[in-house]
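2 protein chains.
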Amino acid sequence: MLMTGRLTLPTDIDMVDETIRLKNLLGADALRDCDGTAMPEELLTQSAKKYATYYTTRKDNDWANENPEEIQQEYLISDRVTARDTKLRIKLMKGFHTEQLKVNIIDDPKRWWEVVDRTTGEVVPVYKWEFDGETEEVVIESVKYHQYTVSFLAFLVWDPVHMYNFITNDWKDAPHQLTFDVRQPKTQIHVKEKLKRWCEENPHIDVVRFTTFFHQFTLTFDENKREKYVEWFGYSASVSPYILEQFERWAGYKFRPEFIVDQGYHNSLFRVPSKEFRDFIEFQQIEVSKLAKEMVDIVHEYGKEAMMFLGDHWIGTEPFGKYFQDIGLDAVVGSVGDGVTLRMISDIKGVKYTEGRLLPYFFPDVFCEGGDPIGEAQDNWLKARRAILRSPLDRIGYGGYLKLASKWPGFIDEIKYVVNEFRLIHENMQGTKAYVAPFKVAVLNCWGNLRRWMANQVHHAIWHREIYSYVGVIECLSGMPFDVEFITFDDIRNGIAEDIKVIINAGDAYTSFSGAENWIDPEVVTSLREFVDNGGGFIGVGEPTAYQFEGRYFQMSDVLGVDREMCFSLSTDKYNELDADHFILEDIEGNVDFGEGMSRIYAQGENYQILNKDGEYSRLVVNDYGKGHSVYFAGLPYSPQNCRILLRAIYYAAGMESEMKKFYVTNVDTEVTVFEKTGKAAVINNAKEAKHTELYIDGRLAYSLDLNPMEMRWVDCRK
Amino acid sequence: MLMTGRLTLPTDIDMVDETIRLKNLLGADALRDCDGTAMPEELLTQSAKKYATYYTTRKDNDWANENPEEIQQEYLISDRVTARDTKLRIKLMKGFHTEQLKVNIIDDPKRWWEVVDRTTGEVVPVYKWEFDGETEEVVIESVKYHQYTVSFLAFLVWDPVHMYNFITNDWKDAPHQLTFDVRQPKTQIHVKEKLKRWCEENPHIDVVRFTTFFHQFTLTFDENKREKYVEWFGYSASVSPYILEQFERWAGYKFRPEFIVDQGYHNSLFRVPSKEFRDFIEFQQIEVSKLAKEMVDIVHEYGKEAMMFLGDHWIGTEPFGKYFQDIGLDAVVGSVGDGVTLRMISDIKGVKYTEGRLLPYFFPDVFCEGGDPIGEAQDNWLKARRAILRSPLDRIGYGGYLKLASKWPGFIDEIKYVVNEFRLIHENMQGTKAYVAPFKVAVLNCWGNLRRWMANQVHHAIWHREIYSYVGVIECLSGMPFDVEFITFDDIRNGIAEDIKVIINAGDAYTSFSGAENWIDPEVVTSLREFVDNGGGFIGVGEPTAYQFEGRYFQMSDVLGVDREMCFSLSTDKYNELDADHFILEDIEGNVDFGEGMSRIYAQGENYQILNKDGEYSRLVVNDYGKGHSVYFAGLPYSPQNCRILLRAIYYAAGMESEMKKFYVTNVDTEVTVFEKTGKAAVINNAKEAKHTELYIDGRLAYSLDLNPMEMRWVDCRK
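Read top to bottom, the protein sequences are chains A and B. Following the UniProt record's numbering from start to finish, the first sequence increments by one per residue and tops out at 719. Following the UniProt record's numbering from start to finish, the second sequence increments by one per residue and tops out at 719.
The hints are simulated quantities; they were obtained by calculation from the structure and are not laboratory data. Since this is a predicted model, take the numbers as computed values, not measurements. Some hints here could point you the wrong way.
Since the list gives no way to pick one copy over another, a pair counts as held whenever it fits inside one copy or between any two copies.
As a list, the in silico DSSO-like pairs of lysine-lysine whose alpha-carbon atoms are at most 30 Å apart [what the hints assert, rightly or not]:
hint	residue 1	residue 2
1	K403	K59
2	K225	K574
3	K416	K49
4	K416	K254
5	K440	K144
6	K627	K128
7	K94	K613
8	K574	K91
9	K627	K144
10	K440	K293
11	K225	K613
12	K322	K275
13	K87	K627
14	K172	K574
15	K144	K574
16	K627	K94
17	K613	K627
18	K574	K94
19	K49	K349
20	K627	K91
Kindly produce the complete structure, drawing on both the sequences and the hints.
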């Protein structure tokens with residue numbers, strides 16, 4: 001078994017000997033600096049790849065100060081203020097931190113700002129308001145008791161990530177790092193020259209790790225230096241009149257601040273994206289990719305590799321966008337919070353390799369009294385491992401302060417265990433693809449593949465009460481034997497691909513993930529009905545297909561066999577009875593966890609079977625529809641048991657129950673991944689307790705296995 | 001103390017002596033027959049008023065059979081059927097009971113029916129469908145995978161109430177009672193003549209108790225004789241081409257079946273009523289009142305009183321409608337399920353007296369092993385008593401089989417206790433009005449006074465999980481020291497009445513009780529903002545002012561200080577902290593019961609105070625707005641504690657905290673009602689345990705009282 005390679009370790013200036021010891025012990029083949037650490041000179045000659053973080057948009061305050069008009073900008077929306085009279089003053093910077101943001105008075109407010117009457121939705125004509133530079137207020141001729149907002153541009157005079165690190169680490173004397181906008185003409189030339197110089201000056205660096213390119217996701221602080229708004233997918237800080245004028249030429253219509261501020265929701269991923277916002281994303285991705293390619297080309301000219309960090313300034317370079325592959329990156333690295341975020345990295349096409357930063361980061365918030373870094377590492381690995389078996393990262397690594405990890409009793413052993421299992425997966429898969437069911441599963445929402453593995457996420461692997469019952473669906477899928485597509489409603493309109501056999505729609509009503517007004521488009525519902533009628537499967541979670549219209553809340557209630565009681569049909573009697581005897585629950589013992597569990601779901605029609613109820617209402621319902629089937633879940637948070645339920649639900653929905661036992665393990669806490677070409681099968685125990693499980697191959701019992709806690713057991717699948 | 005009067009007892013053919021005994025024991029002054037019982041001849045000479053139930057629309061099958069075209073009709077909507085091809089057959093009577101309803105093929109289907117494409121909302125032109133009389137199917141030229149419904153007329157060949165009683169009591173050989181439509185010309189003459197004859201033949205009857213007039217609320221059965229749909233406020237069974245043609249002339253536009261079937265929601269009270277449905281209600285109330293008056297006039301001609309039962313065939317005679325008083329009734333009688341349903345009766349204007357039928361009915365389902373008729377009577381009286389103290393019924397009574405009650409140990413004593421307390425209230429109030437706060441409280445919804453005390457009700461006092469957290473608000477109000485108005489959004493548009501100081505909006509989003517699209521009417525929100533800004537109070541419960549628009553879900557979020565997280569603002573940080581120290585919770589101990597407790601409520605703005613939280617979200621929030629205040633409740637089911645919380649919330653919202661202790665009892669399980677003119681105050685114990693309480697008068701401690709379980713103690717309030 002290979003004992004070296006595929007591993008990156010962080011280092012620090014005072015860790016030379018310890019780095020070498022751990023490098024040898026763990027078989028690392030790459031070393032990296034981090035935010036707040038530095039690569040010691042002595043290590044530059046080590047036989048390992050050296051990564052260096054590189055920032056294109058900051059750490060050059062002289063440049064920013066000399067070119068204030070090329071500092072990055074962000075579209076802000078003021079507080080909503082209700083007029084109590086016919087004249088209203090709105091203080092622009094109220095609720096923002098003036099150390100982070102500064103009103104842009106260089107560009108004409110009347111051209112770039114917008115005052116909106118939020119009581120009517122109408123734009124207030126520019127002659128009805130004035131900017132008072134003295135007080136930084138906008139003065140509006142208002143209608144009494146109407147509410148108003150001002151959308152305006154501000155300069156990002158403190159880089160949001162630097163500000164975040166500064167506040168979080170309680171730095172005292174570090175100067176605030178200003179931003180500059182690489183898209184602008186002077187800065188563009190300057191930054192390229194600087195990158196060339198840097199490459200020349202750093203001959204021992206093998207990999208330039210861009211963090212990232214040009215535009216930070218939206219991260220705004222309030223007047224108390226607390227996070228005010230953070231949207232990991234947000235484009236609000238990727239704007240400037242320079243860019244927006246280009247956009248207008250490209251799009252052929254006039255830009256409106258509303259395209260960005262979006263009523264104050266800032267185009268949250270949960271909003272159905274407007275045409276104009278989708279246009280803006282497209283435009284930015286084209287332009288950012290083009291310019292990023294130029295940076296990558298420079299790196300290549302110096303014989304180095306270019307690596308992109310997935311996050312921070314990643315706006316415009318999202319890796320499932322249409323233009324990402326044109327950048328020509330060698331690698332992408334990102335943080336692995338769970339299976340879903342792992343697949344955000346490992347599914348990336350068009351790079352030579354992908355690398356995942358496993359958790360925990362070696363930071364004092366975990367490596368401290370009361371902290372449980374080993375437990376965190378185990379939980380992280382359990383989720384990551386199932387996803388890696390389906391779609392492998394090429395490399396893994398860690399981040400933070402190496403000394404914290406090396407001092408924690410047992411932690412290095414834990415890493416060693418993880419790294420060895422990771423290498424073993426690669427050894428046994430030999431670059432081949434794991435067995436998947438003979439059909440594809442598609443997740444349907446307004447974003448599709450552009451936000452692959454990002455459905456119902458607020459921010460990289462952050463738990464929210466509102467989303468975990470939906471994120472569970474894709475977390476389960478991240479380690480399941482299915483090829484998963486993420487498709488849009490246009491993909492439905494253009495004809496459902498032949499190889500898709502099951503379509504999943506999961507989300508809250510009126511969000512981009514449920515689909516909102518798409519569900520009253522006859523083209524969408526008729527296509528999907530025909531798909532199911534002809535044998536397809538449809539799985540709904542939460543408020544699938546929801547839009548109150550013509551007597552139904554779930555527009556596909558005929559397919560789903562359920563609707564939600566919105567008080568309009570309280571007078572209609574429901575005779576909903578439980579019958580839990582079904583393929584989907586065959587090997588499920590005990591209660592099913594529906595998470596938040598959408599309330600008020602009732603079955604209707606004639607072809608349903610209710611598998612789980614909560615009082616008078618239902619939480620798990622199947623329905624026959626022509627030759628096809630549907631399954632409704634009130635919620636599906638991640639758990640090994642729910643993985644199994646979803647596995648069964650998908651095979652059932654596809655009408656392929658008999659295929660399920662081609663490769664199958666009996667214990668719900670275990671899963672099997674099969675590499676038919678190499679003849680190897682991995683049976684993993686997803687529990688922290690020992691488990692007995694039986695492996696079926698081609699429907700017949702092949703192995704009876706006793707697995708240790710968390711064990712991954714490899715067996716010959718040709719037996 | 002008066003020991004007789006104000007009481008009606010049921011009797012039966014075999015209960016002559018026992019009726020007389022109980023009449024004397026309880027001091028009853030009226031006797032009645034019931035559905036299924038009869039008045040014995042021997043009692044007709046007793047010194048008591050005799051009531052006789054009278055049915056105008058049934059119990060005359062000969063007439064119905066001779067005049068089939070004048071049988072009552074109902075608008076039905078077929079099942080929603082999805083077309084799998086370009087021809088679709090919809091079986092009209094599928095899901096209905098053919099013993100109850102029969103397709104009307106006398107009137108032209110093409111004129112009176114409607115086929116609707118529910119995938120587009122469009123009406124299918126009449127040339128694209130045909131009725132196949134043979135199979136009772138409508139055959140439609142369909143678009144593949146569109147859904148269709150047929151709205152059609154059917155004859156009510158079995159009276160719904162008779163059918164209900166027949167099924168419930170498992171009658172075997174009683175012939176099904178057909179219906180006839182008193183509005184139609186031949187039947188109208190016939191029914192009037194019959195009433196005259198009946199009056200002549202029943203000289204000993206003093207009170208004709210109409211049950212009720214002409215149109216039954218919607219009550220439809222399915223093919224298994226189970227209740228399919230019941231809408232206590234439904235107009236679906238008040239239609240016929242004869243009536244609808246009159247309506248068209250009156251309204252000046254063409255009638256559409258959709259006005260009645262309403263997408264299959266049948267104009268549930270929770271639907272925002274369309275203009276057309278409101279027109280139809282108005283038209284029916286005009287016409288029904290006119291004709292009902294003619295029936296009442298006949299009764300009066302014979303020297304008898306006319307009493308209306310609130311319910312059953314009450315469509316068009318709802319007592320808070322504009323034309324009800326024109327009928328000239330002497331009395332209304334109705335069932336008292338709780339305080340709210342009591343006030344539906346006791347608040348009626350334009351009759352000489354009101355009578356409430358207390359619970360339980362003397363039926364075998366309660367007077368049986370395991371039944372608790374005494375407990376039910378107590379619970380009923382506790383709720384009724386608080387409401388009577390505010391708005392007294394003139395009489396009370398009971399229904400059912402007297403022998404069941406007389407045999408149940410202790411039950412007659414319980415009744416005696418109730419009746420005596422009831423008489424004592426009248427004795428002490430002497431027809432004067434109880435003290436109320438010096439301002440009015442208004443409940444704002446789409447129905448206003450037309451559905452006074454009916455907000456968020458599905459059916460007379462029936463509990464539903466979806467509504468009890470809202471019904472609690474009006475149940476609390478039914479016994480509180482406030483004059484309560486029920487107002488519509490038009491009442492807001494026309495200018496909020498001077499004497500209203502607090503406005504309550506309680507309901508689920510998009511229902512008639514929350515208000516739906518009214519909340520994006522600038523006239524409504526600006527009026528209400530001005531009202532609060534100038535010192536008014538606004539209380540929201542559940543999803544008040546909800547309508548997703550221009551960046552907010554609660555359109556009055558500035559006034560309320562809260563909004564609901566609909567997933568669009570998950571990226572916005574909320575720093576919501578609890579501070580329970582507030583006037584509203586001053587004498588509240590232990591947990592507050594928010595019932596279903598609307599989820600995902602967060603505070604926003606700058607003037608809020610969070611009084612109760614559930615995890616990161618809030619359940620009770622107050623907000624300052626100019627000179628006014630608002631209070632938000634996630635839900636407010638009825639309980640003595642919640643009555644107290646609402647009392648405090650209302651005084652707080654009105655900015656009149658200091659007024660609260662004009663008359664005040666300290667124990668939350670107790671309440672006080674004061675009759676200033678007679679100098680009497682009733683302190684009631686709403687608990688079934690003994691309670692100590694202190695009575696404050698004009699802010700000073702006046703009495704320290706130890707109350708027995710459920711006791712009502714009268715004291716001199718001039719002390």
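(request) Could you figure out if K225 and K574 sit no more than 30 Å apart (CA to CA) within one copy, between two copies, both or neither? (result) between (53 Å within a copy, 14 Å between copies)
(request) At 30 Å max between alpha carbons, let me know whether K627 reaches K128 within a copy, between copies, both or neither. (result) Result: close only across copies, 28 Å inter versus 62 Å intra.
(request) Measure nothing new, just compare the shortest in-copy and cross-copy C-alpha distances for K574 and K94 to 30 Å and report within, between, both or neither. (result) between (52 Å within a copy, 16 Å between copies)
(request) Check K416 against K254 for me: Cα-Cα at most 30 Å, and say if that holds within a copy, between copies, both or neither. (result) So K416 and K254 fail the 30 Å test inside a copy (57 Å) and across (80 Å) alike.
(request) Measure nothing new, just compare the shortest in-copy and cross-copy C-alpha distances for K613 and K627 to 30 Å and report within, between, both or neither. (result) within (26 Å within a copy, 48 Å between copies)
(request) Could you place K87 and K627 in one of the four classes (within, between, both, neither) given a Cα distance threshold of 30 Å? (result) The answer is between: 19 Å across copies meets 30 Å, while 64 Å in one copy does not.
(request) Please work out whether the CA atoms of K144 and K574 approach to 30 Å or closer within one copy, between two copies, in both situations, or in neither? (result) This pair counts as between: shortest inter-copy Cα distance 29 Å, intra-copy 48 Å.
(request) Measure nothing new, just compare the shortest in-copy and cross-copy C-alpha distances for K403 and K59 to 30 Å and report within, between, both or neither. (result) within (26 Å within a copy, 94 Å between copies)
(message) As a check of your reading, is K627 near K91 (CA-CA no more than 30 Å) within one copy, between copies, both or neither?
(response) For K627 and K91, only the inter-copy Cα distance (22 Å) is at most 30 Å; the intra-copy one is 61 Å.
(request) Please work out whether the CA atoms of K416 and K49 approach to 30 Å or closer within one copy, between two copies, in both situations, or in neither? (result) Within one copy only: 20 Å inside a chain, 95 Å across chains, cut-off 30 Å.
(request) Can you give me the call for K225 and K613, within, between, both or neither, at a CA distance of at most 30 Å? (result) Close across copies (25 Å), not inside one copy (46 Å); limit 30 Å.
(request) Could you figure out if K440 and K293 sit no more than 30 Å apart (CA to CA) within one copy, between two copies, both or neither? (result) Neither way: K440 and K293 sit 33 Å apart in one copy and 70 Å across, limit 30 Å.
Against the hints set out earlier in the document, violations occur for numbers 4 and 10.
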